[in-house]
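Produce the complete structure using the sequences and hints provided.
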Amino acid sequence: MSKVLIPRSLEQLWQLQAENKDNAVFAGGTDLLVKIRAGKPAPKALICLDRLDELKTITELPYEIALGAAVTPAQVLASPLIKNHFPVLNEALRHLGSPHIRNMGSLGGNIMTASPAGDSLPPLYVLQAAVELQSAAGTRKLQLKDFIRGPGQTQILQGEILSRIIIPKEPVFSHHFFEKVGLRQALAIAVVSLAALYNLDSKQTVSAIRLAWGSLGPTVVVQPEVEQFLLGKPLTTTRLTAAADLLKQRIEPISDIRAGADYRRRVAGNLLKRLNPNER
Amino acid sequence: MLLQFNLNGKDIELETRSDRRVIDLLREDLNLTGSKEACGAGECGACTIIVNGTTRLACLMLAAQLEGCRVLTIEGLGGPDANQLHPLQKAFIEGGAVQCGFCTPGMLLTANALLQKNPAPSASQIREAISGNLCRCTGYQKIIESIQLAANAKPGEE
Numbered sequence: 023m024s025k026v027l028i029p030r031s032l033e034q035l036w037q038l039q040a041e042n043k044d045n046a047v048f049a050g051g052t053d054l055l056v057k058i059r060a061g062k063p064a065p066k067a068l069i070c071l072d073r074l075d076e077l078k079t080i081t082e083l084p085y086e087i088a089l090g091a092a093v094t095p096a097q098v099l100a101s102p103l104i105k106n107h108f109p110v111l112n113e114a115l116r117h118l119g120s121p122h123i124r125n126m127g128s129l130g131g132n133i134m135t136a137s138p139a140g141d142s143l144p145p146l147y148v149l150q151a152a153v154e155l156q157s158a159a160g161t162r163k164l165q166l167k168d169f170i171r172g173p174g175q176t177q178i179l180q181g182e183i184l185s186r187i188i189i190p191k192e193p194v195f196s197h198h199f200f201e202k203v204g205l206r207q208a209l210a211i212a213v214v215s216l217a218a219l220y221n222l223d224s225k226q227t228v229s230a231i232r233l234a235w236g237s238l239g240p241t242v243v244v245q246p247e248v249e250q251f252l253l254g255k256p257l258t259t260t261r262l263t264a265a266a267d268l269l270k271q272r273i274e275p276i277s278d279i280r281a282g283a284d285y286r287r288r289v290a291g292n293l294l295k296r297l298n299p300n301e302r
Numbered sequence: 016m017l018l019q020f021n022l023n024g025k026d027i028e029l030e031t032r033s034d035r036r037v038i039d040l041l042r043e044d045l046n047l048t049g050s051k052e053a054c055g056a057g058e059c060g061a062c063t064i065i066v067n068g069t070t071r072l073a074c075l076m077l078a079a080q081l082e083g084c085r086v087l088t089i090e091g092l093g094g095p096d097a098n099q100l101h102p103l104q105k106a107f108i109e110g111g112a113v114q115c116g117f118c119t120p121g122m123l124l125t126a127n128a129l130l131q132k133n134p135a136p137s138a139s140q141i142r143e144a145i146s147g148n149l150c151r152c153t154g155y156q157k158i159i160e161s162i163q164l165a166a167n168a169k170p171g172e173e
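Note that the protein sequences, when read in sequence, are chains A and B. If you use the numbering used here, the first sequence corresponds to residues 23 to 302, in order. If you use the numbering used here, the second sequence corresponds to residues 16 to 173, in order.
Some hints could be false.
[To be verified] Beyond 12 Å from chain B on every Cβ pair, some chain A residues (computed):
id: 1; residue: ALA64
id: 2; residue: LEU68
id: 3; residue: GLU82
id: 4; residue: GLU86
id: 5; residue: THR94
id: 6; residue: GLU113
id: 7; residue: ARG171
id: 8; residue: SER196
id: 9; residue: GLU201
id: 10; residue: GLN207
id: 11; residue: ARG232
id: 12; residue: GLU274
id: 13; residue: LYS295
id: 14; residue: PRO299
[Unchecked claim] To list a few chain A residues with every Cβ distance to chain B over 10 Å, as calculated:
id: 15; residue: ASN106
id: 16; residue: GLN180
id: 17; residue: GLY239
[As the list claims (entries may be wrong)] Selected chain B positions facing chain A (in silico; Cβ < 8 Å):
id: 18; residue: THR63
id: 19; residue: ARG71
id: 20; residue: ALA79
Just so you know, these hints were derived from the structure itself, not from any lab. Where a beta carbon is used, it is the ideal one built from N, C-alpha and C, also for glycine.
See the structure below:
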């Protein structure tokens, strides 16, 4: 039995955390409550961040866009700011859970769960997002790729919360790509996903590219050598097939209830080939 | 805790455990058994309710989260008169959208939230909107047609 506490300000949150050492924070509860029901020991206090207005806004800054950690996927999808600047994030969140889960869950929660299959993670990696961690003592900022250590593991410290996700507006990429392969369309946990950002120059050759695969390893998988291999060349089927072969040699995919490593390896390569619109 | 919220148009107040799941609060404490529980893990939509105008899952909410909220369950969809049916309910009956009926309350509330935002949805918008509500009987086609039927019905038309 836990008591549920709902702070209305950050001040109140720090106080409640100090008074209730055995606590867990949550926003939507779409991960935490499922885990508790499945047998994870419930802490004495469950602190709900859903009514902290500070954590519920999407703000445009001069060089960045800051998303409060309790912003729901539905809120992100409805934001013209995100649609304009970060279509890759918009596209990924369209495939997160179901409409109800997108109304309830939070972007911060998707990061904190740090699932290998977290749908927001590959787009946030290629966008080089940073996370802002706040506690009664102050604020620190980490790159998302440094913050997530493994499945369910982050660099968060006792007494800290993830307060904002900060995404730089530049460099601008003309092409944003996200695709997820799951076992069904809605409510599917990714078997493999790929987020890609790239620019093509006047000769249609790749002048910049960032790739990140979800659900392939314990955390998001990046492959600088594959990116390097595609730079300066057009995204032809031949080139992408060769890049996919390089990728398949270099990765050690996870194997779980949804798919084996061999299948994941093949799907990861096939997703890469789909960067060529003729292959879709 | 003492919990206050608006349920189907009425302000109510009750004493409950703050971590009581909303689905249990509704079904067991308030005898509103229209909301169903199937998976208990946010994957089926049988327990869909509407909180402050958006759909949420009663199996993944705790009582304390309802404080001060406006909650609509299937019992309140037709309005204050319990014998009155909502146009969507009439359309589901007319269109044969109900077989075993277990998904129906969640489907109706999800469809209601959709039509509030988008009074004339396309079939693909309807499919997207109900993608979090599983139905194991109908194959969805008659549900989709019935939602279109309700959307096309003019207000007040029987």
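A quick look at each hint next to the structure:
no., hint, verdict
1, ALA64, "violated (8 Å)"
2, LEU68, "violated (7 Å)"
3, GLU82, "holds (24 Å)"
4, GLU86, "holds (28 Å)"
5, THR94, "violated (9 Å)"
6, GLU113, "holds (14 Å)"
7, ARG171, "holds (26 Å)"
8, SER196, "holds (27 Å)"
9, GLU201, "holds (17 Å)"
10, GLN207, "violated (7 Å)"
11, ARG232, "holds (29 Å)"
12, GLU274, "holds (30 Å)"
13, LYS295, "holds (27 Å)"
14, PRO299, "holds (22 Å)"
15, ASN106, "holds (22 Å)"
16, GLN180, "holds (22 Å)"
17, GLY239, "holds (25 Å)"
18, THR63, "holds (6 Å)"
19, ARG71, "holds (5 Å)"
20, ALA79, "holds (4 Å)"
The structure does not agree with the numbered hints 1, 2, 5, 10 stated previously, though it agrees with the rest.
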